[in-house]
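Peer 1: Here are the chains, one letter per residue:
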Amino acid sequence: MAKTATPRNTHIVGIDLGTTNSALATIGVQAEEGARSNVPALPQLVNAGEIGELALLPSFLYVPADIDFPAGSLALPWNSSPPLVVGELARKRGAENPVRLVASAKSWLSYAGVDRTSEILPWQSPPEVVKVSPVEASSTYLQYLRDAWNHVENAQGSPANLADQDIVLTIPASFDEEARRLTLRAAEQAGFDRVTLLEEPQAAFYAWIESQGERWRDLVKVGDLVLVCDVGGGTTDFSLITVSEEQGELVLRRAAVGDHLLLGGDNMDLALARVLQQRLESNGQRIDQWQLHELRYRCRHAKEALFGDASLASQSVTVRGKGTRLVGGTMKAELTRDDLQAVLVDGFFPIVERDAMPARQRRVGFQELGLPYAADAAVTRHLARFLAEQSRQSDVGGAIRRGSSGLACPTHVLFNGGVMKATPLRARVLEVINRWIRAEGFNALDSTHVLEAHDPDLAVARGAAYYGKARHGRGVRIRAGAPRTYYIGIESAMPSVPGMPAPLKALCVVPFGMEEGTRAEIPGREFGLVVGEPAEFRFLSSTTRKQDHIGDLVEDWGDEIQESSPLEVTLPSDEGRDEVRPVRLEANVTEVGALELWCVSRDGTGRWTLEFNIRAPQAAPKP
Amino acid sequence: MMRLSIAFRCFFSLLFTGKISEKILAELRARVRPATHPEETPEAAPAGTRPPATAAAPRPHDGTERAIQMLALLQRDGRLVDFFTEDITAYDDAQVGAAVRDMHESCRGTLQHYLTLEPVVAGEEGQPVTIEPGFEPGTIKLIGNVTGKLPARGVLRHHGWRAGQVRLPDLPSGIARAVIAPAEVEIS
Chain A
4 MAKTATPRNT HIVGIDLGTT NSALATIGVQ AEEGARSNVP ALPQLVNAGE IGELALLPSF
64 LYVPADIDFP AGSLALPWNS SPPLVVGELA RKRGAENPVR LVASAKSWLS YAGVDRTSEI
124 LPWQSPPEVV KVSPVEASST YLQYLRDAWN HVENAQGSPA NLADQDIVLT IPASFDEEAR
184 RLTLRAAEQA GFDRVTLLEE PQAAFYAWIE SQGERWRDLV KVGDLVLVCD VGGGTTDFSL
244 ITVSEEQGEL VLRRAAVGDH LLLGGDNMDL ALARVLQQRL ESNGQRIDQW QLHELRYRCR
304 HAKEALFGDA SLASQSVTVR GKGTRLVGGT MKAELTRDDL QAVLVDGFFP IVERDAMPAR
364 QRRVGFQELG LPYAADAAVT RHLARFLAEQ SRQSDVGGAI RRGSSGLACP THVLFNGGVM
424 KATPLRARVL EVINRWIRAE GFNALDSTHV LEAHDPDLAV ARGAAYYGKA RHGRGVRIRA
484 GAPRTYYIGI ESAMPSVPGM PAPLKALCVV PFGMEEGTRA EIPGREFGLV VGEPAEFRFL
544 SSTTRKQDHI GDLVEDWGDE IQESSPLEVT LPSDEGRDEV RPVRLEANVT EVGALELWCV
604 SRDGTGRWTL EFNIRAPQAA PKP
Chain B
100 MMRLSIAFRC FFSLLFTGKI SEKILAELRA RVRPATHPEE TPEAAPAGTR PPATAAAPRP
160 HDGTERAIQM LALLQRDGRL VDFFTEDITA YDDAQVGAAV RDMHESCRGT LQHYLTLEPV
220 VAGEEGQPVT IEPGFEPGTI KLIGNVTGKL PARGVLRHHG WRAGQVRLPD LPSGIARAVI
280 APAEVEIS
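These protein sequences, in sequence, are chains A and B.
First residue of the first sequence? That's 4 in my numbering, and the numbers climb one at a time after it.
First residue of the second sequence? That's 100 in my numbering, and the numbers climb one at a time after it.
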């Protein structure tokens, strides 16, 4: 591409690549300090043959058949015949024809149970449907955002290419290393080469800082502990951020992240729809799957209306008749405030004790293969476990306020995600936290301890743009570092027992909180690598073991450490000689937040990177 | 017979213009295959699944196409045409009310989205207004004691409605222009 006289990276762009909605916020590289980010309306097909502009891009992808839409009706201003439909029309049409719809691509991207680079989506659709991989699907959304933004900029007479801008791409804090790497790959496939990753709860916190201006320094103080409670359409994510002081400056550190939970607003809408379905069917009416979908959509609106206006006692929900019989087939039910209380507040956010544990994953002999949805729908139980897990850790990420039992006791709560817009749900979360922290010997939190960011739908994208600006030295930064502790698996040298794998030890290679832009050598251990053929390392990680230091060997970890896909390295052989080369391991957390592991030869003449071996995990070996 | 006709038109179009005209292509694309297999006789097809006539059907002119489009949008979002064509005499008011409340909300949204509705005469209903000479009778209807003498004073009974901005999407192509609601067929 020819170089132009003006710099091509004129913007810093925050992209929230969400499970159900994506958004984009930009801020000029030259913008003044304190300037707000700009959220452009994104042109997209809203019906066949009709382009509309929406602030959010629904993260849905529809694979159209030739006979799906009238000829020419999928044309976009920048592409007369796109092969895939993205956005609002994909969401709408996908509800009518689910076998061609790719939804929740992001959840698939973080699910190690499938090969995330192979063409598996739409999940379990018939062979005649063209498939894409979770990485390609994510990349398609990014490419769409790129083309749409470029179109808008061009139309405004300031041509620019999104791929040339400084991009901050957000991911759930609970994304493991591989999901992060795959997200970067998706960005690479969209042509983005200046990408930094940022965790969503941190982005939400930045959005809060942006919305407060300099006032934020008066609202939190040294020793505070902020819980970011992010419940979106498809996922729930918790993080803890500590406030400390260094050289007279307030320093923010992300001290803990929770596990990846596939639990969110979609589950809640479905639960309400099921309640009304039962009510209608007990009157002798029948609801089919299409009407259930409509019911779910209408329950969401009724829920938002009831949560938005405390004076309403109930909202009527109608399901329209099928066929041309509109009036005759119309069914009507009332969604009452008591329903919301019973199903959402008490069902999804029950009052539980601080030692509550979520129910374990079902162990049914035959499970339908698919996304690993959280087995326990109670957000508060997951929160209890998250805060209790912090009792065992060292203060790598800054001082955490703990109670008598070791439970992490937040001093502030920042709510994020569409679900947490609802006042009764926020109140419930606060009520439950207060119950716990009073028992731990602290004062209860009130509304002054709830940090309010405006516009939760766009907070993550805006916060990401703010962070991008902060990286350029204009604004505050949260110190984050590695969100997990990472290990290499080492098989014990023991006599083998038939049918039993050799016991595994875990060598800590990246400690929790290892900062971006630093590297470290794993001391005291060398590996013999065979040249000319791939050597495999088993790779493990933990969100809870923060006490392990680099080089520590862990033997017994219960369920605190999980195994990920193996790592692989192939050393080139010199003229076909067979040899084993001694290497040391080196860990490197890059500036963009990616983890790299290197093999360095003893004599220092060679360095090879360990690559994630992204194949589908192999089935358990047969005895 | 239909295929023969299209084949001839394609042939002459290619012969004289070097390409097949968009009009013929649109018709070709718009042809709907019957639900039966080709070897089955058309009589075996259930009623209503035969391909609609294409070239023979009179195509509406542009003005009527826009009117049909507006109806199609109100039908798509609010099922307005279903409502008007349904015999509702047998249903009680509660049943009609449930359907209408829903339809009202949807159609209202459609109108707001595609049109900007403005009053013809600014001012509150029930308040006095003056009609100046030179007004266009198509915009204001005078009732009561209309002598023909202007300016005339009166009371605004209905402020009227005028379409300000109209933001209708592009018209669909071919025979779909006459469609108010596409038929729905669930494939099992």
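Check the hints yourself; a few may be wrong.
Claimed, not checked - Under the rule of at most 16 Å between Cα atoms (straight-line distance), these lysine to aspartate or glutamate pairs were calculated in the EDC-like manner:
1. A/Lys335 to B/Glu231
2. A/Lys508 to A/Glu558
3. A/Lys508 to A/Glu494
4. A/Lys95 to A/Asp118
5. A/Lys325 to B/Glu231
6. A/Lys95 to A/Glu307
7. B/Lys248 to B/Glu235
8. A/Lys424 to A/Glu455
9. A/Lys335 to A/Glu392
10. A/Lys95 to B/Asp176
11. A/Lys325 to B/Glu235
12. A/Lys325 to B/Asp176
13. B/Lys248 to B/Glu231
14. A/Lys335 to B/Asp191
15. A/Lys325 to B/Glu283
Unchecked claim - A few chain A residues facing chain B, derived, Cβ under 7 Å:
16. Val42
17. Ile70
18. Pro73
Since the hints were made in silico from the structure, they are not lab data.
Since the model is a prediction, treat every value here as computed from it, not as a measurement.
Think of the CB as a built atom: it goes at the ideal place given N, C-alpha and C, for glycine as much as any other residue.
Peer 1: Compare the structure with each hint and give your call.
Peer 2: Hints, one by one, checked against the model:
1. A/Lys335 to B/Glu231: With Cα atoms ~51 Å apart, A/Lys335 and B/Glu231 exceed 16 Å; violated.
2. A/Lys508 to A/Glu558: holds (5 Å)
3. A/Lys508 to A/Glu494: holds (6 Å)
4. A/Lys95 to A/Asp118: This hinted pair is violated, its Cα atoms lying about 28 Å apart.
5. A/Lys325 to B/Glu231: violated (53 Å)
6. A/Lys95 to A/Glu307: violated (20 Å)
7. B/Lys248 to B/Glu235: holds (15 Å)
8. A/Lys424 to A/Glu455: The hint holds at about 10 Å.
9. A/Lys335 to A/Glu392: violated (46 Å)
10. A/Lys95 to B/Asp176: Since the Cα atoms of A/Lys95 and B/Asp176 sit roughly 12 Å apart, the hinted pair holds (cutoff 16 Å).
11. A/Lys325 to B/Glu235: Outside the cut-off at roughly 46 Å; violated.
12. A/Lys325 to B/Asp176: At roughly 14 Å apart (the allowed maximum being 16 Å), B/Asp176 and A/Lys325 satisfy the hint.
13. B/Lys248 to B/Glu231: holds (10 Å)
14. A/Lys335 to B/Asp191: Status holds; Cα separation ~14 Å.
15. A/Lys325 to B/Glu283: holds (10 Å)
16. Val42: For A/Val42, the interface hint is violated, since the closest Cβ of chain B sits about 21 Å away, which is over 7 Å.
17. Ile70: violated (9 Å)
18. Pro73: Status holds, d = 6 Å.
Violated hints for the displayed structure, listed by number in ascending order: 1, 4, 5, 6, 9, 11, 16, 17.
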